[in-house]
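Put chain B on the given structure of chain A with help from the hints.
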Amino acid sequence: KAGVTQTPRYLIKTRGQQVTLSCSPISGHRSVSWYQQTPGQGLQFLFEYFSETQRNKGNFPGRFSGRQFSNSRSEMNVSTLELGDSALYLCASSLEGSNSPLHFGNGTRLTVT
Amino acid sequence: TQLLEQSPQFLSIQEGENLTVYCNSSSVFSSLQWYRQEPGEGPVLLVTVVTGGEVKKLKRLTFQFGDARKDSSLHITAAQPGDTGLYLCAGRTLNDYKLSFGAGTTVTVRA
Chain A
4 KAGVTQTPRY LIKTRGQQVT LSCSPISGHR SVSWYQQTPG QGLQFLFEYF
54 SETQRNKGNF PGRFSGRQFS NSRSEMNVST LELGDSALYL CASSLEGSNS
104 PLHFGNGTRL TVT
Chain B
9 TQLLEQSPQF LSIQEGENLT VYCNSSSVFS SLQWYRQEPG EGPVLLVTVV
59 TGGEVKKLKR LTFQFGDARK DSSLHITAAQ PGDTGLYLCA GRTLNDYKLS
109 FGAGTTVTVR A
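Residue numbers (the working numbering), protein chains in the order written: chain A, 4 to 116; chain B, 9 to 119.
Note that these hints are calculated values from the structure, not bench results.
Every residue, glycine too, gets a C-beta built ideally from N, C-alpha and C.
Treat the hints with care, as some may be off.
Derived DSS-like pairs (lysine-lysine); straight-line CA-CA distance at most 30 Å [what the hints assert, rightly or not]: (1) B:K65 with B:K78; (2) B:K67 with B:K78; (3) B:K67 with A:K60; (4) A:K60 with B:K78; (5) A:K16 with A:K60; (6) B:K106 with B:K78.
Label pairs and their computed distance ranges (CB to CB) [to be verified]: (7) B:A86 with A:F63: 24 to 30 Å; (8) A:N62 with B:Y30: 35 to 41 Å; (9) A:G31 with B:G61: 29 to 35 Å.
Here chain A stands alone, though its shape is the one from the complex (with noise of 0.2 Å):
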């Protein structure tokens, strides 16, 4: 069964650009998630997909957003970026969410110069 593939694994962009990122879950996986991962703050919690809606979000500003498609695939969208978005953005899928384990892609390493 293949895992969370996220493409791609390395972005490279200019302040005030914006990127989008992929992420395709485990198949059957009806949830995805988003995290941002940096030395600092360590996993924050971006936002979660259920069934193409957005079930749950966390407390970044309204320049990060996502949406996910019928076949469960997701992408996640930044606008204007700043250099204080450069991280490791790793999604995770899992069958429902709630208490169902995450299963976690290799991430895309943003670098905002």
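Leaving out everything else, chain B in the frame of chain A:
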């Protein structure tokens, strides 16, 4: 401030030694999970504990959930270089759906 406080932040030990990592909070959790993350990869789930006082063993790893469901510990016996990684605890409180993570403990086991 983090909802879950992990200690220590860094731990470096010799192969064969034992180690314990702690995860504490003032909040009560419905469940608590431990993950290990290696460089360049995403976190991988090690265990989920749901009952206060629960102890789970996974080979050389022993996980304990506090009686009040506010804290947890991970103990590794006879550590090996393959145990090297970032250990993360994560939990859901009774009032919050999302999974909150601790900042992690970086464990280095020297051969």
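For each hint, the structure was consulted:
Annotation: proposed proximity of B:K65 to B:K78 holds, straight-line Cα distance about 19 Å (limit 30 Å). For the given pair, B:K67 sits about 25 Å from B:K78 by alpha-carbon distance, which is consistent with the 30 Å threshold. At roughly 36 Å between alpha-carbon atoms, B:K67 and A:K60 are farther apart than 30 Å, so this suggested pair is violated. Restraint check for A:K60 and B:K78: the C-alpha separation of about 24 Å stays at or below 30 Å, so the hint holds.
Note on A:K16 and A:K60: the hinted pairing holds, with a Cα-Cα distance of about 25 Å set against a maximum of 30 Å. With a C-alpha separation of about 16 Å, the suggested pair B:K106 and B:K78 falls inside the 30 Å cut-off, and the hint holds. The hint said 24 to 30 Å for the Cβ distance between B:A86 and A:F63, and at roughly 42 Å that hint is violated. Between A:N62 and B:Y30 the CB atoms are about 26 Å apart, so this pair departs from the stated range of 35 to 41 Å.
With their beta carbons about 34 Å apart, A:G31 and B:G61 fall inside the hinted range of 29 to 35 Å.
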